[in-house]
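Chains as they are written, first to last, in our numbering: chain A, 4 to 320; chain B, 605 to 874.
One should not assume that every hint holds.
[Stated by the list, open to error] Lysine to aspartate or glutamate pairs mimicking DMTMM-like chemistry, simulated, CA-CA at most 20 Å apart: (1) K141/A to D126/A; (2) K691/B to E74/A; (3) K32/A to D872/B; (4) K91/A to E193/A; (5) K32/A to E42/A; (6) K139/A to E122/A.
Derived by calculation from the structure, the hints in this document are not laboratory data. In this text, all values refer to a predicted model and were calculated from it rather than measured experimentally.
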Amino acid sequence: MPAVTTAESPTRGLPVEFKDLSKHFGTVKAVDNLAFTVEPGRVTGFLGPNGSGKTTTLRMLLGLVRPSSGEATVGGQRYRDIPNPSGKVGAVLEATSFHPSRRARTHLRMVARAGGHDEARADVVLELVGLPGDAKRKVGGFSMGMRQRLELASALIGDPDVLILDEPSNGLDPQGIAWLRDFMRYLAGEGRTVLVSSHLLSEMAQTIDNAVIISHGRLMAQGSLESITAGYTQQSMQARTPEADRLCDVLNGAGMKFRRLGHDLVGIDGVKPEVVGPLLASNQIVLYELLNQGADLESIFLELTSGLGFGETGKPS
Amino acid sequence: MINAVRSELLKMRTMPGVWVCFGLAFPLTVLIMWAIFAGAGGEAGHTYSYVQTLNDRRVLLGAGYFSITFLAPITGVICITSEYRQKTITNTLVFTPIRSRVLGAKIVVTAYWAILMALLTLVITMTVGVFWDVQLGGSVSSVLGQAGAVVPGLIGASILLALFGLGFGVLVKNQVAGILITIGTVFVLENILVALARGVLHYNLNWLPSDAAGALAGAVSKGGFGGGGHNGGGPYSSLLHWWQGGLVMLAWGLVPLIIGYFTTFRRDVT
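Produce the complete structure using the sequences and hints provided.
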């Protein structure tokens, strides 16, 4: 990870607060009385299914969408009231927010000017996101992954204390995702506040310290990843078998909760391996693998956001 | 505000559409000059000649007015609609969250580029036009001597036409629609309305955009330049005074700008 030019104390971040934030689009409640705080020095995952209100919430924070009620603040101030806001908050919202005929460095010089920052920062942040050789290239020729990196460079132009990232791993290849994960951890390690929205749970589980889970615009859970998973005692297992259909029938007959994850893969929720194992053995189901995952982020997320509680029986899809 | 203006200046400078407008200004201005020389020496334009009357000298110097009439509004439209077309409005508002500040910067930058466009056409007429005129037998001083009478009106009209385009761009947000509405208003709708007003209502409809801009530019050159055929064409064809034309043109720019600001521009960016 390249060195950041302006290393400051690890306490440089600012808290981001959402206070009873609501947004209605006509009769649709996109965000409903959302209240939580994002702490500095940690990577906080803002998780929710598509259409759950994540983007609307972040856009309200940045003054792009006007809240119906409540407010969102950074360090106690509304974004639009912060003098020179890009020096405090950097945002990655969409990787398509570029003029295709503009060169990468020109784009960054432009946002540096808008934020009142030194234009020389353009080359610094290009180096930081791994695009130093593409400074003179037109953005129209960039891949989605390169655009994401450039968007991140834009967000970092003012060396902000708070970073807001909306689905930043969209379009990134596995190397890019791994790079982004390290980068976010690196920034949080400097004491910055990092809030990242995503629906890629397995990826987020490896990255975040804290999680905020929303569904239908409402807060479902928040806290450290450990505290959230500790609150759920339900077991989750994955069984790989050439007899997936028959396994589903057996689980259904035994009243167990399950999810069909693939043609030979079934997720079994809410029971211990000591219960499942004998059941499968007594029905002579061939197993290639039985993996005990405990209470993972994905199963918690699904329970909280799908409206399908663990007490209900899933149907094979 | 200064940061926003500096950013908008760079933004416009790196926008191909703006340079296309500037590129078109050259051949269009030369074309108009050719027409002036073609008509200067004979009644039917059979003979090319240097410009001989005071009015013709001013018309030659202000030959860029025709290209400005539609290229300046297009520049104004592009200034704002490219933000929505390329979705750069999100970044713009993240870096400058106070929207009135963004719009203020765009007004300043649009005016700046409109001045540059007017100056470009003047450079063309003062170099190519004068050289051409001298080749046909005219003198350098006879044309350049009229600069003081032409330049202020030409620049003023260019600024206000560009703001007119910016206003419609803010209002409609869609680039193609903005250009079509602006150009359609100036070149099609206005002519139809003027003709209908004259023919049916016997009313001199001289406060529409191109006539208002023409009044501002034309009055400075004592009639003729910018006014086209409307001047001296009868009781229903006279242009407004230059200051009236300027005020009317300012209103044509500001009214859609203000309506657009309070309707489309302040809306949520989702």
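What's the verdict on K139/A and E122/A, does the C-alpha distance respect the 20 Å limit or exceed it? Holds, because 15 Å separates the two Cα atoms, which is no more than 20 Å.
Given the proposed pairing of K691/B with E74/A, does the C-alpha separation stay at or below 20 Å? Cα-Cα ~26 Å, so violated.
Can the restraint linking K91/A and E193/A be considered satisfied, given a maximum Cα separation of 20 Å? 14 Å, holds
Distance restraint between K141/A and D126/A, which requires alpha-carbon spacing of 20 Å or less: 15 Å, holds
Straight-line Cα separation of K32/A and E42/A no greater than 20 Å? 27 Å, violated
Holds or violated: K32/A to D872/B, with C-alpha atoms at most 20 Å apart: With a Cα-Cα distance of about 15 Å, the restraint between K32/A and D872/B holds, given a limit of 20 Å.
In summary, the structure is inconsistent with hints 2 and 5 from the numbered list given earlier, while agreeing with the others.
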